[in-house]
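Counting in the working numbering, the sequence shown runs from 1225 upward without gaps.
Any given hint could be a false lead.
Said to hold, decoys possible - Under the rule of at most 20 Å between Cα atoms (straight-line distance), these lysine to aspartate or glutamate pairs were calculated in the EDC-like manner:
| # | residue 1 | residue 2 |
| --- | --- | --- |
| 1 | Lys-1770 | Glu-1670 |
| 2 | Lys-1772 | Glu-1417 |
| 3 | Lys-1767 | Asp-1748 |
| 4 | Lys-2119 | Glu-2147 |
| 5 | Lys-1770 | Glu-1814 |
| 6 | Lys-2088 | Glu-2109 |
| 7 | Lys-1711 | Glu-1686 |
| 8 | Lys-1770 | Asp-1844 |
| 9 | Lys-2156 | Glu-2146 |
| 10 | Lys-1628 | Asp-1597 |
Said to hold, decoys possible - With beta-carbon atoms standing in for the labels, derived distance ranges:
| # | residue 1 | residue 2 | range |
| --- | --- | --- | --- |
| 11 | Asn-1921 | Arg-1839 | 29 to 35 Å |
| 12 | Ile-1637 | Ala-2151 | 56 to 62 Å |
| 13 | Arg-1602 | Ala-1676 | 27 to 33 Å |
| 14 | Glu-1484 | Gly-1850 | 53 to 59 Å |
| 15 | Asn-2131 | Pro-2031 | 48 to 54 Å |
| 16 | Gly-1434 | Gln-1566 | 17 to 23 Å |
| 17 | His-1241 | Arg-1666 | 19 to 25 Å |
| 18 | Gly-1434 | Ser-1763 | 42 to 48 Å |
| 19 | Leu-1787 | Asn-2131 | 18 to 24 Å |
FYI, nobody ran anything at the bench for these hints, they're computed from the structure.
Keep in mind it's a predicted model, so treat the numbers as computed, not measured.
Where is the CB? At the ideal position from N, CA and C, for every residue including glycine.
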Amino acid sequence: MTDILDRPFAPAEIETHWYARWEERGYFAPRGNGAPYCIMLPPPNVTGTLHMGHAFQDTLMDILSRYHRMRGEQVLWQPGTDHAGIATQMLVERQVVQEGGSRQALGRSAFLQRVWEWRQQSGDTIVRQMRRLGASCDWSRERFTLDSGLSHAVTEVFVRLHEEGLIYRGKRLVNWDPVLRTAVSDLEVLSSEEDGFLWHIRYPLSDGSGHLVVATTRPETLLGDAAVAVNPEDPRYQHLIGKTLRLPLMAREIPIIGDEYVDPEFGSGCVKITPAHDFNDYQVGQRHGLPLINIFTPEAGIREEAEITGPAAAALPAIRIPAELRGLDRYQARQQIVAALQAQELLEKIAPHKLMVPRGDRSGAVIEPFLTDQWYVRVAPLAEPAIRAVEEGRIRFVPENWSKTYFDWMGRIEDWCISRQLWWGHQIPAWYGPDGRIFVARHEEEAQTEAARHYGMPVPLERDPDVLDTWFSSALWPFTTLGWPEKSADLATFYPTSVLVTGFDIIFFWVARMIMMGLRFLDDVPFHEVYVHGLVRDSEGQKMSKSKGNVLDPLDLIDGITLDALVAKRTRGLMQPQMAGKIEKATRKEFPAGIPAFGTDALRFTFAALATQGRDIKFDLKRVEGNRNFCNKLWNASRYALMQVQAVADLEGDSVLLAPDRWIIGRLQETEAAVAEAFAQYRFSDAAQALYQFFWNDYCDWYIELSKPVLRGEGAFGAAEQRGARNTLLKVLEAGLRLLHPVMPFLTEELWQRVAPVIGKGGESISLAAYPQADLTRIDGAADGDVQWLIHVIRALRSVRGEMDIPLARPLPVLLQGGTAQDRERVQRLHPWLHSLARAASLDWLDADAMPPPAALQLVDELKILVPLAGVIDVAAEQARIAKEITRVAQDLEKAQSKLAQPDFRNRAPAAVVERELARVEELGVALEELKNQHQRLDAL
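Construct the entire structure; sequences and hints are all you get.
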């Protein structure tokens, strides 16, 4: 049977095999007596599938987990999924509708049963995909935000906060999705610029002396106007403050108020104030004691009679909406109102206007600020200790600048709306008595007992139908997953956790809330460090989105996908044929051969290399391709190293370590130190760069080449030197594989299982082997100097070959001139490598003042390296070739410079395209200069 190393590297042949073995044998569970190290997986939505952001973030967490596990620490990477209230309810509800039913017809109990059935059958897709990525979570501890243990903890937190006066029910403005008919968080609202209009409406003064012009983007909301505001410093309107206006179409008077919120430069300088339908207006209304006049139904239709609340509500009579508007959708009402204003000559003008429109990320509906009764957390008392925890250094943000974002958000924090008008989720543990009195309790029996005590007899109670915002249960994630409110061993061992790895977009929504809840219920921070990574964007720096057709599926990069399958995936579900056609055309142009199977390790290494401490990560498929080549190089290098040992005796006995052996051992120590420092500072890109440099350049390109003359027994190299080279070749490789394992787990496991036993270091898994620790005393300065000199000389001679197109197989006579005494000593001592790797036929010294023959010249510090070219190359033919190349490169340079000189190109082309063209001009300029230099050198012959 052929050994797998005798075939080209094929990731699919090893990845599923090793992951199954790791999981089956429980390697991901905490073990040993080392210091605890814990990472909480940000729970992905149970409806979700792995996208590039997940894959990037999960890779970084897995690197940390594997690294600390190999360092002997008790590592727990706690996994789990979020019930994703809105997303999951919408998904199952669509299924019910497709079957001809409805959620309402099923009823709450039956519908929730359907959701749980879906959860059991299809709700773990993303977890399976994480395994494909190599995530070493302890899956035996997997949690779900609606499992019984977490549900018990969520109820306990709610009840305690309510008992402490930190949870209350109140009527306030919320982001309202009129399609889903629920409050939504700011994170579930996507605002984008859209084309709209400004309607300039005349509001007549009550005394008949004129009118004010008010500009609005939402004329339908004038039905709920409570005032018109002007800036108190605006001389045009100061004399009108305190007077009243007649509200168009409504035949009621509203006051003119002065408030600094109004920008005198915008529009007419007059702003309609509708406190029940605008967040800014709400604040103005609170300052001036204005009533809250709600004109909308939960579906964003027009009510028959406005709902009036707020400070002045009792003083206002009922407000009936004009009959022709009642029941209309908000946009139908807009058309009717605009027509009525025109008919009454109250519409001065309509002007095009671009505005930011908030839409629900799930429904796509325009979000309304809506006045409803909701449950809130009183946040200020929780925020104060959370701010101090970061100020005092008990929690460290990496990069540190994100702490400023945290402080900014926390300094402006408002009470948190935690109720959602859904069925799927943690139902609020509150029951209502016959008179509306609220009884918050851990279960219904407790509520019944409290109600009977209050009323003096048992009474029927009705449970609040709302559920909690999913961010509420997520805020408790670091301690509820470890067994709280029980005093579990896991809680004592792993809380506080070590680090949170997350994106900057949820610092407030999740990070801050976890800090507040952890301090409140465990009197300690939930984590010591917060590593904030950037967002993954495409190679042009644009956000990945289906509508742009630039989304990449991580599994497609791992397993490969054909062009037709990729086109079908990218255009599936797009309703607009033109958009689908555009995306298909772009896809066929970018991926004419589809996407090859790069494998998990290449993708993971790419993520690590891109993880600089910036905000955005530009993902380029060429980087993955390059790292696939890196995997191939390591595969082939390992095969070469193993081929050098035919029997154990090849490694036993006295051995001599030559300069290259001592050099690569020292380079290993330097790399181990660099990687440890990089991981300690969460500089994943620095770690990846150090690993790449060591394996690709130092070990594969140079040490393997330097070992070949020794292993072939050339010159004076004997058995002791050969044993030294074999031992070094394998021992350095074995340690290097352990060093690389956290980033490339599959390839390193496969190779380590073959390399380690040969040198007596086998074991169950590389993932349980000790992580290499640098020993800087093993760095040999003399050996390092020798090898660096040797590399420079060999490169110089290879450069001559490349410039003059001389085949490597042809030995070259080499003349040396100048230099130092050490250069002469090194030439004498290191000549076997110069003869073998530089193919130097001879190495002769010229006197310092001797005139050398016409030759190609290279310098290594003060040492001149000359290669006489007479008789070596056809000078005339080489001159002609270089002249032709000079003409071609000059033409390409002129074209590129002309393109950049066009103003239209610089103004209209994407920034990334302009940058590429600038880089190309620079590269062509360097190439042209070098060709001219080569031509001049040939002229001297």
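Going straight from one Cα to the other, do Lys-1628 and Asp-1597 come out at no more than 20 Å?
violated, 33 Å
Satisfaction of the hinted span 27 to 33 Å by the C-beta atoms belonging to Arg-1602 and Ala-1676
This hint holds: roughly 29 Å between Cβ atoms.
Taking 17 to 23 Å as the hint, is the beta-carbon distance of Gly-1434 and Gln-1566 inside that range?
holds, 20 Å
Given a hinted range of 19 to 25 Å, is it respected by the beta-carbon distance of His-1241 and Arg-1666?
The hint (19 to 25 Å, Cβ to Cβ) is violated, given that His-1241 and Arg-1666 are roughly 48 Å apart.
Can the restraint linking Lys-2156 and Glu-2146 be considered satisfied, given a maximum Cα separation of 20 Å?
Holds. Lys-2156 to Glu-2146 sits at ~16 Å (cutoff 20 Å).
Status of the given 42 to 48 Å range, CB of Ser-1763 versus CB of Gly-1434:
violated, 59 Å
Are the Cα positions of Lys-1770 and Glu-1814 separated by 20 Å at most?
holds, 16 Å
Do the Cβ positions of Leu-1787 and Asn-2131 conform to the proposed distance bound of 18 to 24 Å?
violated, 34 Å
Would the hint linking Lys-1772 and Glu-1417 be met if the CA-CA limit is 20 Å?
holds, 17 Å
Verify the proposed pairing of Lys-1770 with Asp-1844, using a straight-line Cα cut of 20 Å.
Roughly 18 Å separates the two Cα atoms, so the pair holds.
Distance restraint hint 29 to 35 Å, applied to the beta-carbon atoms of Asn-1921 and Arg-1839:
holds, 30 Å
Regarding the pair Lys-2119 and Glu-2147, is the alpha-carbon distance no greater than 20 Å?
holds, 14 Å
Going through the hint list in order, the structure does not satisfy hints 1, 3, 6, 7, 10, 17, 18 and 19.
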